[in-house]
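Novice: Fit the two chains together into the complex; they arrive one by one in their own frames, and the hints show the way.
For the record, the sequence lines run as chains A and B.
When the count follows my numbering, it moves up by one through the first sequence with no breaks and lands on 168 for the last residue.
When the count follows my numbering, it moves up by one through the second sequence with no breaks and lands on 215 for the last residue.
Among the hints, erroneous ones may be present.
[Claimed, not checked] Mimicking DSSO-like on lysine-lysine, the simulated pairs with C-alpha atoms at most 30 Å apart in a straight line are:
1) K126/A <-> K142/B
2) K154/B <-> K143/B
3) K160/A <-> K111/B
4) K111/B <-> K126/A
5) K138/B <-> K113/A
[What the hints assert, rightly or not] Coverage of chain A stretches by chain B, computed from C-beta distances (three or more under 8 Å per stretch; other residues unrestricted):
6) 99 to 106
7) 130 to 137
8) 150 to 163
Keep in mind the hints are simulated off the structure, nothing from the lab.
Note that the coordinates shown come from a computational prediction; the quantities given were computed from them, not determined experimentally.
Note that beta-carbon positions come from the ideal geometry of N, C-alpha and C, so glycine has one too.
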Amino acid sequence: SQQGEEDPQALSIQEGENATMNCSYKTSINNLQWYRQNSGRGLVHLILIRSNEREKHSGRLRVTLDTSKKSSSLLITASRAADTASYFCATETYGNNRLAFGKGNQVVVIP
Amino acid sequence: DTAVSQTPKYLVTQMGNDKSIKCEQNLGHDTMYWYKQDSKKFLKIMFSYNNKELIINETVPNRFSPKSPDKAHLNLHINSLELGDSAVYFCASSLRAGDYGYTFGSGTRLTVV
Chain A
58 SQQGEEDPQA
68 LSIQEGENAT
78 MNCSYKTSIN
88 NLQWYRQNSG
98 RGLVHLILIR
108 SNEREKHSGR
118 LRVTLDTSKK
128 SSSLLITASR
138 AADTASYFCA
148 TETYGNNRLA
158 FGKGNQVVVI
168 P
Chain B
103 DTAVSQTPKY
113 LVTQMGNDKS
123 IKCEQNLGHD
133 TMYWYKQDSK
143 KFLKIMFSYN
153 NKELIINETV
163 PNRFSPKSPD
173 KAHLNLHINS
183 LELGDSAVYF
193 CASSLRAGDY
203 GYTFGSGTRL
213 TVV
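Isolated chain B, as found in the complex (with noise of 0.2 Å):
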């Protein structure tokens, strides 16, 4: 069973378009989190969720929003895609916010042409 699960695993869309990535975690974790990671591998938060509750909003363009319906699940809406948005985006969830190790999913990589 996937621990932490997101879809898809590939995105190639046009610019302009809006996609959204989904993200679902069977760890009964209360924190969900989501990273974008560049074409040098370097990691950065954008969101995070307690209990479906928006704890971290890093500085991220409006055409990024997260949305969690229940602390199972954890959806990325991007809208007006542009090419600067390719990238590999990772979900994760840890049991509680702070002081315990993330389980990460197998990434969705994004490509914006």
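Just chain A, same shape as in the assembly (with noise of 0.2 Å):
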């Protein structure tokens, strides 16, 4: 099946900088989805953004996707402490009906 891939790195930030990591898919999907995961906790749904659709908007994040790249991308201004976390990015195909993973991404804000 079909996985989302993060750029395999650990980003180390101030705080107050901005985040930015990129993800990218192999075949057509019907929408990518950005998780957080702050340690040993569950993952969080953080944006949900479709195929014919190219950014969007939730607070400090901003999501790209670029279907004829298959990348996408999420962004994080003003970044906290509290944004120190693994973030994965996951697809969807459709009818596929699940979610397939990329590895993550861990992101470390130094306050």
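Specialist: This is the structure we're talking about:
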């Protein structure tokens, strides 16, 4: 099954800076979703962007989707220590009824 | 009120034992899932139920058997536990199958010794 794949990196930034992470996938999708996972916790849904959308915002989060390049990015603006977490992208293909997750990006925000 | 709750949170057991993990959601969602997260944090779907009906059964050993008595509950029973079953198991739900975000439980960390 097709999977979202983040650029496998750990990102360490200062509080107040912006954090950007990318995700690529291999086949056509119905939607792409971003999740956050704090250490030892479950995943929290952040944003869902559909294949016919190019950009979506939610608070300090901005997600872009480029279906021609099969890639997405998540931008967190004005980061806070509480944003320290792993971030996962996940894709859903038509009729597949499941999310395929990427490997996750560890983000550390230093106060 | 916890939206998706799993019990137990931690489970330590010996090889060969049988164990169950319970999951309940109070969101009124139609679809529930079991995911397995390995030590490298990779998440893989195991099962999905829609209104008590099994709709996804990934390549999972027969030792794993899900049961959904009603659409608010999805339990996972594991027979003859093996060392390789050690992982974090997450239950999740979505309003319907397809095109909705998932709500995850806090996970059950299973350690087989």
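Novice: Each of the hints needs a verdict: does it hold here or not?
Specialist: Do the hints match the structure? See the list:
no.	hint	result
1	K126/A <-> K142/B	27 Å, holds
2	K154/B <-> K143/B	28 Å, holds
3	K160/A <-> K111/B	23 Å, holds
4	K111/B <-> K126/A	40 Å, violated
5	K138/B <-> K113/A	29 Å, holds
6	99 to 106	holds (count 5)
7	130 to 137	violated (count 0)
8	150 to 163	holds (count 9)
This entry does not satisfy hints 4 and 7, going by the numbered hints stated previously.
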